[in-house]
Amino acid sequence: MEFLQPTTWTEALEMKAAHPEALPIAGGTDVMVEINFDRQRPAAVIDLTKVAELEEWGTENGMLRVGAGVTYSRIIEELGGRLPGLAMASRTVGSPQIRNRGTVGGNLGSASPAGDAHPPLLSSGALVELASASGSRRVPVREFFVGPKRNAMRNDELIAAFLVEPTRGPEQFSKVGTRNAMVIAVCSFAIALDVERKRVGTGIGSAGPTPLAAIDAEEFMAGVLDESGLWERPADVDPNAVARFGELVAAAARPIDDVRGTAAYRRHALAVLARRTFTWAWDERRRSA
Amino acid sequence: MKPKLPPAALMSGRVGEPVRRPDAALKTRGDFPYSSDLQVDGMLWGATVRSPHPYARIVSIDSTEARSMPGVRAVLTHDDVPGKKVYGLEIPDQPVLAIDVVRYWGEAVALVAADHPEQARRAAHAVRLEYEVLAPLTNPELALTENAPRLHPDGNITRAIKIRRGDQNARADVVVTGEYEVGMQDQAPLGPESGLAIPDGAGGVDLYIATQWLHIDRDQLAGVLGLPHEAVRLTMAGIGGAFGAREDLSMQAHACMLALRTGRPVKMSYSRAESFVGHVHRHPARMRYEHGATRDGKLVYVKARILLDGGAYASSSTAVISNACCFAVGPYECPNAIIDGWVVYTNNPPCGAMRGFGSVQNCYAHEAQMDKLAAALGMDPVELRIHNAMKTGSTLVTGQAVDGPVPVAELLSRIKVMPMPTAVSGDHLDLTQMPGGVSNTTHGEGVRRGVGYAVGFKNVGYSEGFNDYSTARVKLAVADGRPRVEVHTAGAEVGQGLVMVQAQIASTVLGVHDVVVLGADTQVGSSGSSSASRQTYITGGAVKAASEAVRDRVFALAESELSGLGRGGSGESDGWRLESDAIVSADGGVVITLATLLGEEVIEETREYRPRRTSRLDGETGQANAHMQFAFAAHRAVVDVDVELGLVKVVELATAQDVGKAINPQAVEGQLEGGAAQGLGLAVMEEIQVKDGVIRNPSFTDYLLPTTLDMPQLRMDVLELGDPNSPFGLKGVGEPPAISSGPAIVAAIRTATGREIKRVPVRPHDLTL
Ligand SMILES: Cc1cc2nc3c(=O)[nH]c(=O)nc-3n(C[C@H](O)[C@H](O)[C@H](O)COP(=O)(O)OP(=O)(O)OC[C@H]3O[C@@H](n4cnc5c(N)ncnc54)[C@H](O)[C@@H]3O)c2cc1C
Chain A
1 MEFLQPTTWT
11 EALEMKAAHP
21 EALPIAGGTD
31 VMVEINFDRQ
41 RPAAVIDLTK
51 VAELEEWGTE
61 NGMLRVGAGV
71 TYSRIIEELG
81 GRLPGLAMAS
91 RTVGSPQIRN
101 RGTVGGNLGS
111 ASPAGDAHPP
121 LLSSGALVEL
131 ASASGSRRVP
141 VREFFVGPKR
151 NAMRNDELIA
161 AFLVEPTRGP
171 EQFSKVGTRN
181 AMVIAVCSFA
191 IALDVERKRV
201 GTGIGSAGPT
211 PLAAIDAEEF
221 MAGVLDESGL
231 WERPADVDPN
241 AVARFGELVA
251 AAARPIDDVR
261 GTAAYRRHAL
271 AVLARRTFTW
281 AWDERRRSA
Chain B
1 MKPKLPPAAL
11 MSGRVGEPVR
21 RPDAALKTRG
31 DFPYSSDLQV
41 DGMLWGATVR
51 SPHPYARIVS
61 IDSTEARSMP
71 GVRAVLTHDD
81 VPGKKVYGLE
91 IPDQPVLAID
101 VVRYWGEAVA
111 LVAADHPEQA
121 RRAAHAVRLE
131 YEVLAPLTNP
141 ELALTENAPR
151 LHPDGNITRA
161 IKIRRGDQNA
171 RADVVVTGEY
181 EVGMQDQAPL
191 GPESGLAIPD
201 GAGGVDLYIA
211 TQWLHIDRDQ
221 LAGVLGLPHE
231 AVRLTMAGIG
241 GAFGAREDLS
251 MQAHACMLAL
261 RTGRPVKMSY
271 SRAESFVGHV
281 HRHPARMRYE
291 HGATRDGKLV
301 YVKARILLDG
311 GAYASSSTAV
321 ISNACCFAVG
331 PYECPNAIID
341 GWVVYTNNPP
351 CGAMRGFGSV
361 QNCYAHEAQM
371 DKLAAALGMD
381 PVELRIHNAM
391 KTGSTLVTGQ
401 AVDGPVPVAE
411 LLSRIKVMPM
421 PTAVSGDHLD
431 LTQMPGGVSN
441 TTHGEGVRRG
451 VGYAVGFKNV
461 GYSEGFNDYS
471 TARVKLAVAD
481 GRPRVEVHTA
491 GAEVGQGLVM
501 VQAQIASTVL
511 GVHDVVVLGA
521 DTQVGSSGSS
531 SASRQTYITG
541 GAVKAASEAV
551 RDRVFALAES
561 ELSGLGRGGS
571 GESDGWRLES
581 DAIVSADGGV
591 VITLATLLGE
601 EVIEETREYR
611 PRRTSRLDGE
621 TGQANAHMQF
631 AFAAHRAVVD
641 VDVELGLVKV
651 VELATAQDVG
661 KAINPQAVEG
671 QLEGGAAQGL
681 GLAVMEEIQV
691 KDGVIRNPSF
701 TDYLLPTTLD
711 MPQLRMDVLE
721 LGDPNSPFGL
731 KGVGEPPAIS
741 SGPAIVAAIR
751 TATGREIKRV
761 PVRPHDLTL
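First to last, the sequence lines map onto chains A and B. Using the numbering used here, read the first sequence as starting at 1 and increasing by one per residue. Using the numbering used here, read the second sequence as starting at 1 and increasing by one per residue.
A portion of the hints provided could be inaccurate.
[Stated by the list, open to error] Only pairs whose alpha carbons sit at most 25 Å apart, straight line, appear in this in silico SDA-like list of lysine to any residue:
id	chain 1	residue 1	chain 2	residue 2
1	B	K691	A	V33
2	B	K758	A	A264
3	B	K27	A	R244
4	B	K691	A	D258
5	B	K758	A	D258
6	A	K149	B	M43
7	B	K691	A	R39
8	A	K198	A	A43
9	B	K691	A	S112
10	B	K27	A	P96
11	B	K691	A	I98
12	B	K27	A	G94
13	B	K27	B	V694
14	A	K149	B	D702
15	B	K691	A	K198
16	B	K162	B	F466
17	B	K4	B	M43
18	A	K149	B	S12
19	B	K691	A	D38
20	B	K758	A	E143
21	B	K27	A	K198
22	B	K691	A	A114
23	B	K691	A	S95
24	B	K372	B	H513
25	B	K27	A	S112
26	A	K149	B	A273
27	B	K758	A	S112
28	B	K691	A	V259
29	B	K691	A	G208
30	A	K149	B	D173
[Unchecked claim] Here are the simulated distance ranges between beta carbons:
id	chain 1	residue 1	chain 2	residue 2	range
31	B	G444	A	D236	14 to 24 Å
32	B	R553	A	Q97	51 to 61 Å
33	B	G155	A	A43	33 to 43 Å
34	B	E90	A	G80	35 to 45 Å
35	A	S288	B	G444	43 to 53 Å
36	B	H125	A	P239	54 to 64 Å
37	B	G155	A	D257	45 to 55 Å
38	A	A17	B	K27	42 to 52 Å
39	B	G16	A	F37	39 to 49 Å
40	B	A375	A	D257	45 to 55 Å
Just so you know, the hints here were simulated from the structure itself, not pulled from any lab data. None of the values given here were measured: they were computed from a predicted structure. Backbone N, C-alpha and C fix where the C-beta goes; we use that ideal spot for every residue, glycine too.
Required output: the full structure, derived from the provided sequences and hints.
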């Protein structure tokens, strides 16, 4: 196995161009498991941990641009206030050791339907910045996941960063697992209320071939809030509308039966999570208004 | 040439003192040499070729390509087994390497040794196997039928048990029935199966191995390798847990075969995934129960049908089904009983010993039945249990009268009155205390509290006439000017604290501060297995007996030395005792220090210790004095269930257990906590999921073990009631905590949800859909 270790971003992109088959490794919390389980035998590995650019974050035209190599621990500590949904999701990832090593870039790279960073990135409409030696492009995260553990990245590309607006309203994340910590999602759900644009964002994890957004549910709830002028004057939302929101989230999922749970349970649980997280987010909206 | 092994530490501590285990600091720092760390220069690595089918005929094995690969030193199949080609703890039915047929997914078919582990793994993939795939028999109910394929020459019933007690036609006013199912739990020891075999150049072999019983491994290995016992020497390596998973051979014979064939040391160490097929599991159970009682709540009869899935090979199935039946009713008086049990062969993963050994499965059933009965009678469930509790002199359904303390009612009364944890308050949301934990699934919505109780019991030590004994060698000499005791047994320290207990017993009997417990090996007689909660009793008993023999010689030596000096004579030692490194007289004065008395003298004694004899269950009635000691524990569980999501938070567990005498109270607490955690695991998350004979979750990603956020505080009430028959009055401690803990949790979930739960582990969808 060839081991490539670039120290700058330009060098990393050149190496990837020269070795398109090389597997990038960041925190290694997915890659090393794959190698250990003999599921992957990469001919070459590109270690990205020496590339300082990937570990930076900053703002760009009002957006946050977060390097692919920023770990969950740093998201929680440094960006918790600006990206509360992603920080909540990050707190549920693995154990402290995994959060210290694992990165959002790695989560996007693996593109597992169960990746916990995905639902909050979906609900807040993030972009993924992909780069190659010949240039870079920004793909909406809603178009980034193209199949089970497959994403829109070409094999000469690397993930540079993700871009997202700092929070524009209450956000929540909730994940069901059969253990009270250190568990892969049976299903998960993220919600983000964009108070200025009067939009409701959602993200569903572990209940379909890819992470998904519940678009009908988003439009339905934004409509309900709009019609009754609740965005401006937050008050109780009709419980029937909240229940309907849950149903639409459940309907958007495309779950299967597997070792972690049944499809029927996943749909049932998503409806519960959707109702609860909306209620928590809305309560926060009412408190802050 | 010897690998690095856990060091023999200098220890001190008397019986009854809470003392820290000698390897605690090493383990915490990551310095403890586990068996997976074993290494010597020039060693090869072994790998195992395993069956991808649960049931298939082997058409051909072609190892040509594998043999030609870089670094490969040997590729072996069943043709290369030098001695007996099958082995087994009770029935020799398991091939060392599959012969013509594979009977479970992951069965070992061929072996490879290579210079590097990766080379060995690659070569293992390159062994070409052609199979004729057969339809696997995976339903244990079908295994009982005539038209099922016969997986072994004598049919599919490994053992059937019949217990008949009292009036077979007894009728009762109140009758409750129930069906219960227990899933397959894994012992999940954190240390994978691993060991190092070093050929001695003269045809023999030394094996460094983490196991539960060195001598039975040796006996089986000698057979398989076709060697005399002396040519197969075993030394205990650092162990990372056992819980029953290391009673059968795993890689032992394989590593020895490869070492003898290549003339090189061979190390084998399983991956986590391989470990899941490399050891037996807890038997899944299907149970049907009927309880009859009088209107005032006295049990009239119990009828039970217990079916255990033993998987492809027998392992210790015959003893597990015996326990499951003997204790089917729980620790209650029951004059009439009809118990039928079977353990059958299937093409599922083999099952065998696991902490609780047959008493765990039935406890889920008998305790659910007692709750049902209480509900039917309108009685308090704890009152009903106390009303029927066994006492000293009560007779089991097997006709055995139980002597010694039988504190069933007392244990229940004690857990009943323990203070209750407070309810979660809505003011300060602490997700760690919520069902769903830090995953933020509820802020109180849907959360209902439930409380449940359970009590259980089981046998300590071997049963049904099995020859139970242990051997200890104890040596007393002066080292660095101070007396020092050296204890040598083959008793396997599996994490339970046996090393410390042996030191405490020797130190107490001989009144000597410094004790060293030598590493366990086969250079001393057998200790039996570290299982059945028996080692403190049996090996502790042997250490006590050998220490007493040394003490007698010390007194004799002192008498003769002192009479030589004209200071006493025979009979002088009557009031003497050993204390603080000296002989002390009845009035407390020092007669002579041991350092002075011994000088260069070395006193060494070896003793065997045997508990009371037991006998085999009668084939028609199941009547016998089959067990030598019984241990009891009760648990109370308080749970919060999110009834909309089906997620469970065990808020608190409380337990009362009679340990007879706590030799090392710190270790006792560890057993009570660890056992309860394992019980909790089976109740709410731990399950090997098998579909069509294939394990679907052979990793810790999806075989979930409880974390610290799942396992709550354990309130403990440790009783020391003293058994008149055992050394120091002690009782086996290790298994009872794993028996009633889970059933108490399930009872609490039933109260919280109002659902009739028939199956464990309880899954979220069982509570919601
Ligand atoms: C014990 C344990 C618990 C876990 N628990 C969770 C959990 O609760 N939730 C969860 O979502 N995940 C969990 N994971 C999975 C893993 O930690 C996450 O997916 C993590 O985000 C991976 O990040 P990493 O930096 O370690 O990625 P790596 O393992 O280094 O890489 C993962 C993938 O991304 C690719 N990659 C990495 N960086 C780049 C880049 N800059 N450009 C292009 N491709 C790249 C790699 O080639 C690889 O395909 C767990 C893993 C373990 C071992």
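How the hints compare with the structure:
1. Of the supplied pair hints, the one linking K691 of chain B and V33 of chain A holds, its CA atoms being roughly 24 Å apart against a limit of 25 Å.
2. Our distance criterion of 25 Å between C-alpha atoms is met by K758 of chain B and A264 of chain A, whose separation comes to about 20 Å.
3. Between K27 of chain B and R244 of chain A the alpha-carbon distance is near 54 Å, which puts this suggested pair outside the 25 Å criterion.
4. A C-alpha spacing of about 11 Å is found between K691 of chain B and D258 of chain A, which places the hinted pair at or below 25 Å, so the restraint holds.
5. A C-alpha spacing of about 21 Å is found between K758 of chain B and D258 of chain A, which places the hinted pair at or below 25 Å, so the restraint holds.
6. Restraint check: the Cα-Cα separation between K149 of chain A and M43 of chain B comes to about 40 Å, which exceeds 25 Å; the hinted pair is violated.
7. Note on K691 of chain B and R39 of chain A: the hinted pairing holds, with a Cα-Cα distance of about 21 Å set against a maximum of 25 Å.
8. A distance of roughly 49 Å separates the Cα atoms of K198 of chain A and A43 of chain A; the hinted pair therefore is violated under the 25 Å criterion.
9. Straight-line distance between C-alpha atoms of K691 of chain B and S112 of chain A comes to about 24 Å, which keeps the hinted pair within the 25 Å bound.
10. Proposed proximity of K27 of chain B and P96 of chain A is supported: the alpha carbons are some 20 Å apart, at most 25 Å.
11. A threshold of 25 Å between alpha carbons decides the hint, and for K691 of chain B with I98 of chain A the separation of about 31 Å lies outside it, so the pair is violated.
12. At most 25 Å may separate the alpha-carbon atoms for a hinted pair to count; K27 of chain B and G94 of chain A meet this at roughly 23 Å.
13. Taking the CA atoms of K27 of chain B and V694 of chain B, the gap is about 35 Å. The hint is violated against a cut of 25 Å.
14. At roughly 18 Å between alpha-carbon atoms, K149 of chain A and D702 of chain B fall within 25 Å of each other, so this suggested pair holds.
15. For the suggested pair K691 of chain B and K198 of chain A, the alpha carbons sit about 48 Å apart, so the restraint of at most 25 Å is broken.
16. At roughly 20 Å between alpha-carbon atoms, K162 of chain B and F466 of chain B fall within 25 Å of each other, so this suggested pair holds.
17. Using a Cα cut-off of 25 Å, the hinted pair K4 of chain B and M43 of chain B holds, with the two alpha carbons roughly 14 Å apart.
18. With a CA separation close to 57 Å, the supplied pair K149 of chain A and S12 of chain B exceeds the 25 Å bound.
19. Distance restraint check for K691 of chain B and D38 of chain A: the Cα-Cα separation of roughly 22 Å lies within the 25 Å cut-off, and the hinted pair is therefore satisfied.
20. A C-alpha spacing of about 45 Å is found between K758 of chain B and E143 of chain A, which places the hinted pair above 25 Å, so the restraint is violated.
21. For the given pair, K27 of chain B sits about 56 Å from K198 of chain A by alpha-carbon distance, which is inconsistent with the 25 Å threshold.
22. Distance restraint check for K691 of chain B and A114 of chain A: the Cα-Cα separation of roughly 23 Å lies within the 25 Å cut-off, and the hinted pair is therefore satisfied.
23. Note on K691 of chain B and S95 of chain A: the hinted pairing is violated, with a Cα-Cα distance of about 30 Å set against a maximum of 25 Å.
24. The hinted pair formed by K372 of chain B and H513 of chain B fails the criterion: a straight-line CA distance of about 54 Å is larger than 25 Å.
25. In summary, the hint linking K27 of chain B to S112 of chain A is not supported, as the alpha carbons are separated by about 35 Å, beyond the 25 Å threshold.
26. Under the criterion of a C-alpha separation no larger than 25 Å, the hint pairing K149 of chain A with A273 of chain B is consistent with the structure, at around 22 Å.
27. Restraint check: the Cα-Cα separation between K758 of chain B and S112 of chain A comes to about 34 Å, which exceeds 25 Å; the hinted pair is violated.
28. The hinted pair formed by K691 of chain B and V259 of chain A meets the criterion: a straight-line CA distance of about 10 Å does not exceed 25 Å.
29. Taking the CA atoms of K691 of chain B and G208 of chain A, the gap is about 22 Å. The hint holds against a cut of 25 Å.
30. Taking the CA atoms of K149 of chain A and D173 of chain B, the gap is near 61 Å; set against the 25 Å cutoff, the hint is violated.
31. Remark: the range hint 14 to 24 Å for G444 of chain B to D236 of chain A is upheld by a beta-carbon distance near 19 Å.
32. Taking the beta carbon of each, R553 of chain B and Q97 of chain A are about 55 Å apart, inside 51 to 61 Å as hinted.
33. Between G155 of chain B and A43 of chain A the C-beta distance comes to about 52 Å, which lies outside the given range of 33 to 43 Å.
34. Between E90 of chain B and G80 of chain A the Cβ separation comes to about 58 Å, which falls outside the hinted range of 35 to 45 Å.
35. Our hint of 43 to 53 Å for S288 of chain A and G444 of chain B is violated, since their Cβ atoms are close to 21 Å apart.
36. About 58 Å separates the C-beta atoms of H125 of chain B and P239 of chain A, a value consistent with the hinted range of 54 to 64 Å.
37. Judged by the Cβ atoms, the range 45 to 55 Å given for G155 of chain B and D257 of chain A is violated: they are separated by roughly 35 Å.
38. Separation of A17 of chain A from K27 of chain B is about 48 Å and conforms to the stated range, judged on CB atoms against 42 to 52 Å.
39. G16 of chain B and F37 of chain A have their C-beta atoms about 48 Å apart, which keeps the hinted 39 to 49 Å range intact.
40. About 34 Å separates the C-beta atoms of A375 of chain B and D257 of chain A, a value inconsistent with the hinted range of 45 to 55 Å.
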